[in-house]
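Use the sequences and the hints to build the structure in full.
Top line first, the protein sequences correspond to chains A and B.
Numbering of the first sequence is given in the working numbering, commencing with residue 1 and proceeding in unit increments.
Numbering of the second sequence is given in the working numbering, commencing with residue 1 and proceeding in unit increments.
No wet-lab data here; the hints were simulated from the structure.
All C-beta atoms, glycine included, are put in the ideal place defined by N, C-alpha and C.
Honestly, I wouldn't trust all of these hints.
Claimed, not checked - Partial list, derived from the structure: chain B residues whose beta carbon lies under 8 Å from chain A:
| no. | residue |
| --- | --- |
| 1 | 397 |
| 2 | 403 |
| 3 | 427 |
| 4 | 432 |
| 5 | 442 |
| 6 | 500 |
To be verified - Dumping the calculated DSS-like pairs for lysine-lysine here, alpha-carbon to alpha-carbon at most 30 Å:
| no. | chain 1 | residue 1 | chain 2 | residue 2 |
| --- | --- | --- | --- | --- |
| 7 | A | 29 | B | 469 |
| 8 | B | 470 | A | 29 |
| 9 | B | 162 | B | 470 |
| 10 | B | 162 | A | 121 |
To be verified - Simulated restraints, written as ranges between beta carbons of each label pair:
| no. | chain 1 | residue 1 | chain 2 | residue 2 | range |
| --- | --- | --- | --- | --- | --- |
| 11 | A | 712 | B | 214 | 35 to 45 Å |
| 12 | A | 517 | B | 374 | 43 to 53 Å |
| 13 | B | 213 | A | 218 | 30 to 40 Å |
| 14 | B | 442 | A | 216 | 53 to 63 Å |
| 15 | A | 441 | B | 495 | 17 to 27 Å |
| 16 | A | 653 | B | 470 | 31 to 41 Å |
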Amino acid sequence: MTENNLLSLIIFAPLVGAVVNWLIGGRLKNELFSSVVGCGTIAISTIAAFMVAFGIGTGQTGALFADKPIFDQIWTWIQVGSFRADFGLAMDPLSGIYACFITFVGLLIHIFAAGYMHGDKGFYRFFAYLNLFMFSMLTLILGDNILLMFVGWEGVGLCSYLLIGYYIKLDEARRAAKKAFVMNRIGDWGVLIGIFLLFTLTGSISFFDKTVDGQHVASSLNVIAQMAQEPFGWGTIFAGGITSIAVLLFIGATGKSAQIPLFTWLPDAMAGPTPVSALIHAATMVTAGVYMVVRCNAIFQNAPTAMFIVAIIGCATALFAATVGLAQNDIKKVLAYSTVSQLGYMFLACGVGAFIAAIFHVMTHAFFKALLFLGSGSVIHGMHHEQDMRRMGNLRKYMPITYVTMGAAWLAICGIPIWAGFFSKDEILFKTFAASGPLGNWAYVLWAVGLATAVLTAVYMTRLMVMTFFGEERFHQVLDEAHHADDHAHDDAHSAGGDEEDEHHALPADFKPHESPWTMTVPLVVLAILSTVGGLVGIPYAVSSLFGAGDVNVFHRTLAPVIVEVGKPHAIAPAGEHAVADAHAASPAAAVPSHGEEAHDPHEISLERTLAVVSVILALFGIGIGWMVFSKEPLRALPKILQDKWRIDELYNGYVVDPITKLSTQGLWKGFDVGFIDGIVNGIGNLMVEAGNAVRSLQVGFVRSYAAIILFGALAVIGYFIYYGLKLVG
Amino acid sequence: MDLINQNLLTILILLPTIGAIGAIVYKAVTKDDSSQRWFALVITTLNFLISLLLFTRGVPAVGGFEFEQNVPWISAIHTNYHVGVDGLSFWLVLLTTFIMPLSVLCAWTAVEKKKTAFFAFLLLLESAMLGVFVTLDLLVFYLFFEASLVPMFFLIGVWGGKNRIYAAVKFFIFTAVGSLLMLVAIIALYYIYAGAVQGSGSFDFVEILAAMQSGKLVLGQQAGMLLFLAFALSFAIKVPIFPVHTWLPDAHTEAPTAGSVILAAILLKMGTYGLMRFNFAFFPDQARETAWIFITLAVIGIIYGALVAMVQPDWKRLIAYTSVAHMGFVVLGMFSFTELGMQGAVYQMLNHGVSTGALFILVGFAYERRHTREISEYGGLANVMPNYAAIFIITTMSSIGLPFLNGFVGEFLIMVGMFESNILNITDSTNWNYVAAMAAGVGVILAAVYLLWLVQRVFFGKVTNAENKKLTDLNAREIGLMIPLLVAMVVMGVYPRPFLERTDLAIKTIEARVMKSAGGAVEKTELDTKALENR
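This is the structure we're talking about:
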């Protein structure tokens, strides 16, 4: 077992930062101190994460290339009977990739936040929360067992709650914060029950085989991988087997990763400060669900029914959210629905078994979506906290860096070749199309919906770009009030963080937007570069072979060992018992062909190329539509039902929340507790009073009637017992 | 030192009583009614420090007790003053001595009339509660159990809110009726023991249990069930288990802060402690047979308590109803009859003591400032009382069961235990153990709903009520008394092992007694093999 204590440093550096900022930063109230502590600790994490992942200066093979994970056992958290949960960390290729992009993107967002939050009273508190979030998120991905993952899972939920509700004076923010926590909690129920079932079935909750204190801890995933695949059928969901675990875990994923039906919290979460939206609600936390599904791919692969559900839900969410994103006017709301939609793609990929493609999209999405959010933050900052795109326009003249960098993200999300999103999205669509084997004709339906979503994505993103950066300047345009109240663009920082409380940002007549300071533009530039070239780590063979290159898909090669071949032991099994006979032991490259999805069948290659061409054409088509429609008429009204987000919130409130509240108030509390139980007690009391009055006119009070009940009751019972006691003894 | 060690438990029980008498005498002599709080603080703190000596001895052997003392009391009826601690009572004693100084502190300025009597009752209450947890003689146990009612009755009835008389009487009636039944059962056991050993009767827990385990004392089907139910009802009212819980919201709400804290943190534990100590040990078969009833009621209580808590307009009553839900978890874990579930149950007793105790203290702070419990009267408190808000939110998270805070460990173990359990293997087609655990899990969701909604309404938003604008944040005493509780929440959440290790052996013993007394162990392995085959 390879160990490296740097793993602890990765998670604890941010925790220390959070505590220092909370306790000391709160007294100093110095922005420089807080931002140096906040960003500095994340920088330490980032360096440590890259060192362990790539094996730089650690004297070990990097976790990304090693055939066994690198461990760091910290302490045994809970141990009761056969149940054991360690506070232990592990980095394998999957958590290695996650750790690298989370710390790196996190660092950029922290730097951005130092500029964005300038002048906010709660500056230190904000950085304390952000650091606490990083601690939780890194615990989530580095935890070596599912319970520690769940600790991080709940931790990010808490931080998300605190950060959404950061502007505590805003009604919208506090409501959104609670909604996010509760929606996530519903999902967490699934994860929790899933963990119980996993433990009951396998007797372990560890992800990996390992040895702690001389004790062997078996990997629960290994045990599942060796079980037989469950048949396809709805009955398996409730059978208490592998499919049940998979479905329960996926319920958790729908909460955390905002999928149907638990997605409604994410758009509301935009009430938080923009860096939070970028870090938590776009780049990192919301992809935790994808991480869990891929981490537990052994479970999902053995549960075809669950895989089917994952694919359908993912695909449906992708399309649904894209339609809503089309009609929103708040720049952050558009991006929020776009995030939901892109997460749908990732689950679609998981559902069709393309786990690596899902992670690939997680990574590229982290780059371009963080960029889009930070870009929108820059726009909001430059526009003095205006978020309504109807009051923007022609910003490219005033904010050239923001414009160019967001342009890169726009091309990436639309799926234009060489930009990062193209490779990942295309791989998902191709894998969906090619999954026709297990899914039958459903694969084509899923593929078609995915393609349609891609077109819609191109349209709404183009609309966003056009409304924000092109056309005429609409800064002073007065919006018709009904509309404005309807999707009220809340004021991001000033009215809430500061003391001004003007809801209708009346901009001065000579108002000119301005470009943001360097702390904000540098992260934008770095992310723009990553959004442009970041996809090159995962060029599929079908593309690279066009240029005469061999298989250059580094991303696939790195992650391949994480994906279990079900029915066989886990790829990263301990060498101990199984000798080192595994193919992986020789070299990672040699291991690749053993994975079915890596074989280069010429027919598949030409199919992949054809599909890629189709999707690029459709993406360009979408951009074209967006450009033609919205450059002419940027304020074009869209269908009401889309603006109203299909009225899902109203549906939930009307059919779930209200009836439960009513039942609890009228039925349980006033009906049962006060009416029935206390009614009986008081009723008997009153009866006694009546009886007492009938016998003789006494001043009988409440207390007295109670005393009477005790006496009668107790006498009766005692009599009964004495009778029995005598019978028993005698 | 030896003297203290030998009489440790007796000292713990007597010291508060002596303190109470001292306080009254001092009042009578000096007519000073304001310095008794110092008296109470010193005594309770001293008692806490002395109770730390419990750590000097390890975990007792199976069926044994540490710091045991056994002296005849009334020899005519063979009742002894027999005390001792084992893994089950160890932490409950410490919980009691830990909470008491804090509840004295939270009543520091809140009590305005008859201060001497108030603090004297608090001290008497401590004696009674400690007596309950360490006594191994049934008759003496009963006396302590009843004795704890009296101070609480007066605390609610004299220093309570508007409806205090109703609440106090209701509290007294419910619990007194229950314990009368227990008294009858105790007397019956005495005679049954006498008949079984052909000699004198006994109230001694250890002796009776030994006679039962050796097969000398065998209870008939019906007698066993009646005795079980008599004990169980008395404890169920105390816990309280749905549907005999309706005394609790009134008592909790009307009691003065210190009373609510003690009621929630310690008094309720007497019920669950009693079930585990007496019902499971004396009547294992009956406990197993009726487990499905208790589990059903526990699950109903969890969801019911949460739903009713959710819609309460009264802040304190809301917290009170959460106790119904949380204690439901404890009952669920106990009746899972698995090591995990029962360990979780004991741990959850401590967690509930710390978290809910803390919540009541916090509500008290707001009440002391504004003299209202209506949630709608508050709003935006985080703006004027930031420290208060931060502490309240941390406590809320602990109560909700956020990992790395105490509540999570207990709830998790209880639900895993229920999942693993075989106690509800009633039908082949549905695994009711799973169903119970899954339904209890819904309570975890609801906990987040009602507490975060409360936080949202009380702390967030703008200050709309003018009266809240001039509120002052917590003072040093208030923060100081919350710190031990906050530390406990974190330590118990992050490093529960020392706690669980102490209780481990006692729990294993009880589990073995319940599950093996009817070949439970054999049944269990058979079922496991069957379950494996099904896969």
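* To do: Just tell me: holds or violated, for the beta carbon distance of residue 442 of chain B and residue 216 of chain A against 53 to 63 Å?
  => Taking Cβ atoms as reference, residue 442 of chain B and residue 216 of chain A lie about 36 Å apart, which means the hint is violated.
* Asked: Is 30 to 40 Å a correct range for the gap between the Cβ atoms of residue 213 of chain B and residue 218 of chain A?
  -> holds, 37 Å
* Could you say whether the range 17 to 27 Å given as a hint is met by the Cβ separation of residue 441 of chain A and residue 495 of chain B? => violated, 55 Å
* Interface restraint verdict for residue 500 of chain B against chain A (beta-carbon cut-off 8 Å) -> holds, 6 Å
* May I ask you to test the hint 31 to 41 Å on the CB atoms belonging to residue 653 of chain A and residue 470 of chain B? => holds, 36 Å
* Asked: Per the CB criterion, is residue 427 of chain B less than 8 Å away from chain A?
  -> Status violated, d = 13 Å.
* **Restraint satisfaction for residue 403 of chain B [CB to CB of chain A, less than 8 Å]** => holds, 4 Å
* Is the interface hint for residue 442 of chain B satisfied, with its Cβ closer than 8 Å to some Cβ of chain A? -> Residue 442 of chain B check passes; min Cβ-Cβ to chain A is 7 Å, inside 8 Å.
* **Consistency of beta-carbon spacing, residue 374 of chain B to residue 517 of chain A, with hint 43 to 53 Å** => Given a distance of about 47 Å, which is inside 43 to 53 Å, the answer is holds.
* Tell me if residue 432 of chain B is really an interface residue toward chain A, meaning its C-beta lies closer than 8 Å to one of theirs. => Constraint on residue 432 of chain B not satisfied, violated at 12 Å.
* To do: With 35 to 45 Å as the target window, see if residue 712 of chain A and residue 214 of chain B comply at their CB atoms.
  => With a Cβ separation near 41 Å, residue 712 of chain A and residue 214 of chain B satisfy 35 to 45 Å, so the hint holds.
* Asked: Holds or violated: are the alpha carbons of residue 162 of chain B and residue 121 of chain A at most 30 Å from each other?
  -> violated, 42 Å
Of the hints listed earlier, those the structure fails to meet are numbers 3, 4, 10, 14 and 15, in rising order.
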